[in-house]
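With the sequences and hints as input, model every part of the structure.
Order-wise, the sequence lines are chains A and B. Residue numbers for the first sequence follow this note's numbering, so the first one is 1 and each next one is one higher. Residue numbers for the second sequence follow this note's numbering, so the first one is 1001 and each next one is one higher.
Simulated from the structure, these hints should not be mistaken for laboratory data. Each hint should be verified, as a subset may be incorrect.
Among the chain B residues that face chain A by a calculated CB cut under 7 angstroms, a handful are [claimed, not checked]: (1) 1144; (2) 1172; (3) 1210; (4) 1573; (5) 1584.
Note that the Cβ used here is the ideal one computed from N, Cα and C, for glycine as well.
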Amino acid sequence: MNSLILLMLLPIIGSIAVAVTPKTKEVLTKQVALGTTVVVALATIAMAVNFQRDNVELQFVEKYSWIPTFGINFAVGIDGLALVLILMSTILAPIVVLAGWNEAHGGRWSVKTFYILILVLETMMIGVFVATDVFLFYVIFEAMLIPVYFLIGGYGSGERSAAAVKFLIYSLFGGLLMLASIIALYVMSGAQGGHTFDLQALSQLQMSSTTQNFLFLGFFIAFAIKAPLWPLHTWLPDAAASATPGTSVLLLGVLDKVGTFGMIRYCLTLFPEASKTFTPLIMVLAVISIVYGAILAIGQKDLKRLIAFTSISHFGFITMGIFAMTSQGHSGATLYMFNHGFSTAALFIVGGWMIARRGSSTIADFGGLQRVTPVMAWSFFLAGMSSLALPGLSSFVSEFLVLVGTFTRYPVHAVIATFGIVLAALYILIPVQKALHGPTTPGNEGLSDLNLREKIAIAPVIAIIIALGFYPSPLLNVINPASAHVIAQMGFTDPAPTNGDK
Amino acid sequence: MTTSNSLVYLIALPLLGATILLLAGRRADKWGHILGTLMSGSSFAVGLYQLSQMLGRSNTARPVEQKLFEWISVGSFKVDAGLLLDQLSICFVLLITGVGTLIHIYSISYMSHDHDRRRFFAYLNLFIAAMLLLVLGNSYLNLYVGWEGVGLASYLLIGFWNQKPAYATASKKAFVMNRVGDMGLSFAIMIAFATVGTVSFAGIKEHAHHTSTAALTAMGIMLLVAATGKSAQFPLQAWLGDAMAGPTPVSALIHAATMVTAGVYLITRSNFIFDAAPTAQLLVVIVGAITLLFGALIGTAKDDIKKALAASTMSQIGYMILGAGLGPVGYAFAIMHLLTHGFFKAGMFLGAGSVMHGMNDEVNMRKYGALRKFMPITFVTFGLGYLAILGVPPFAGFYSKDMIIETAFNAGGIKGILLGSVTLLGAGITAFYMTRVMILTFTGKARWDEEAHPHESPLLMWLPMAILAIGSVSSGYLLSRGDALVNWLSPLFEHHGEHEELLAPIVVSALALGMVAIGVAIAFLKYSRQEVASVAPENVSVFTKIAREDLMQDRFNEAVFMRPGQQLTQVLVKTDEAVIDGAVRGVGKLAMGSSSLLRGVQSGFVRSYAALIFVGAALLIAAIWVVVQ
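Here is the structure:
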């Protein structure tokens, strides 16, 4: 199967199947949802096998006229960047479903609705990465908010409604700015040879640098909210603290990547000159995010908020790598997006199990879990090691590539960012000590260790984290040509070794 | 260069052991320790095989390489997963797997009553694998994986009994301080790539002569930072004392014989950088000199036998670092002291473990005394280690430490005199605190509590101690006979002209022995002639108090880094909520026109928000419509 549109349709078909399952048979509902996500993952892997990795042109291109009056097409296609992100999304989906088998219970609506939302979201997760028509991208970008909004507001915990609204308003605000930029692009395309939303055509537009700067900002702010970049990050901890663990995985692991993906695909492609103009500012914001997110993570008392802040630090690394404009930084950033998906998934999934068992997400309520629930404790520990980028695990490769790629052009930024690795040791080892070590906190003696379903869910995540730490080539071989293409189009070449200017 | 397909087994065997033991869980409790020991032993066997192959080749053709696969390749940043076994790394391979296997054997008995013995062996195997990767990696990035890998193993083993909060804290402290050092390694690698364009040892060595001194100096200093973290050198030394929370075999293997010497390996391996960066080299020497005194002074005041030995380790590694900083002539002597120290310090740590084993895990030497009669084997093996560390001829330390002292004096000018004096002074203090340990533990009157029933340890424990004791006796002689080690390593290092001798070797030895005699004499007067109090006296001089507090290292770190850091964290957490989120909320209110509208939106029924989005989409269509018309 080599059709991206068919791939997008699969989860929708699954959601229809979920919808017709009898209300009394919740297990069947879950099984259908799980089966669908597994099929989608396998289909994506099959497509990845057929992907020509050295071809920098868009592949699996399909284009259907959608709203001809406006020149809007349902146009899709992928390069290495998009392929990697789709792979990440569709592999995470079944893991999320299996790991959060009982997450839908106790929600505002039925179990069926929960899985329909998840599957519809999966279609959009694929669509947002494959769209090559800016209008199509925008529609999916905004429409994704709906299922996420309901997943947080309907199935979350704590202040879920408020968190959902905060998430929505933030996102709508960003989306509005992007909309303004899109309309302006559309208008200009009309003046320069015909109205179109085609990304390729729009990237050829002539515009003054002032225009370019304003339009760039419209896109960039929307993406910086998604990513999220300091100081536009404050919705994320609230959302992550209220969402179910599975939703958090999709939110931080996949949806936030739309932000960093958008920076590459839209900001750099459509506005190369403005991107260069704003690079100094963005690099500073990225470095602040790295250090700030890490320090804030250290100070958190709530496990979910802590994980959310670690992600803000990680997104700082990704953004820094993108705008460093070196092949190592850029490939590293793309690989980072993939690896972060799995390492954050591991943290949220295992953290979610701990929280569900203990009935509290306050770190201080745990204690001594290593001796009560060794498998769960080990899984959390490994997830933490991945988050702090221990060499030998996947995130080390991407983090080091970003650092080394940044250093060759922006040594000061890279040096400050490197301090993040010490902070990372703190934000992981402090909760590890509080939750897993020490004497068993009263109330934790009877906690059960992972069951078979949970072990099956977490095993592939850990396997991927370890395997890609030692052998990242399969992904790098796909990512490198796409990164090199972007860098070349931006007119950059990697700095040559200086020999210390001798 | 010769290639080999069998280098990978050195690492793969213990790694396989660790994996099996961790995945099998409690099912492996019965045989886990056997498997772990076998894996370590097989790795040692592979190491011996490699040595025999090496000996069969001419001195310049000895290094062998194995490329496993392409690890990371982006643009011009290309790093293979590649292994390099040369005259330097084979020394480490045999030390790690040889001493490592002895300590596995010892641990079978030492840990036999521990419920989690299998997990202990899994961690030990993991350590062996990571440490071998550290010394076998053919580039700084491969080394980095081993470097942090041993940090992980060390963390897991220090915190092996992490149900005790203090032990859990000790393991975290070790990891975090090591990460500060690791940052230095990261920087060094980044500088190497940005300036030389490669991160492999061979590549940098090839380009070193046309790389600027500034770049090489920066690399050298950053490598030194890394070394101070891993090798517990000033100013990143404060974790080592706390690391004694780990089971004693761990202290012997990781925190005495092998992992903590990785900094010496790093500097020696990077000889092509340091040789061309005199400033960095000078800093190495200064760090070594400070630490060798720092550790020795702490050692004089410790009543905890393991902490006294840990302070001694810090000090002895100070000697090695100092020696390595006096390259090219000092590299081989640093490695020689590293190897002899591996024998005698591991032996003494195992001896300390044996004492604890017989004394209900008591570590306070003031509660020991007269153990010579109850633990004769432990006494003899420990005593041989004691003679070795003092540098009494013909024991191991006599050869290796005197060479460093001699090299220090011959460094030339004021520098030489200063360094030589420091190393001599260190030798005297070492003699004092080690004699103190011997007297308090093995001689004098018994001061232990009534429930203690000291007894000699079983065969599996004393046999490794005895083998290490043989090393304490003979290794110095064997390594220096006919300059064996110097010649063995010489193809790796730049050749150097003959140094002027400030002092003849015989004079240096005499001076050193004189200092040792003074140190021993003071210890005898203080601890053998007088009754030793079983509780540490309170009315001691301010110097003793400071030494007991590890020269205030923790107080300094807490006051300068930890507490300000915690305050900053608290302030930022509050600011994030109040200022940044507050500003966003404020903008939101402004944008919505009035706060009451926002409240209305928030309290509204969920479905209305969905409607809001659709309204947005409709607006988009409408806007485009207008534009097109």
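Now for the hints, and whether the structure bears them out:
| no. | hint | verdict |
| --- | --- | --- |
| 1 | 1144 | 5 angstroms, holds |
| 2 | 1172 | 5 angstroms, holds |
| 3 | 1210 | 6 angstroms, holds |
| 4 | 1573 | 4 angstroms, holds |
| 5 | 1584 | 6 angstroms, holds |
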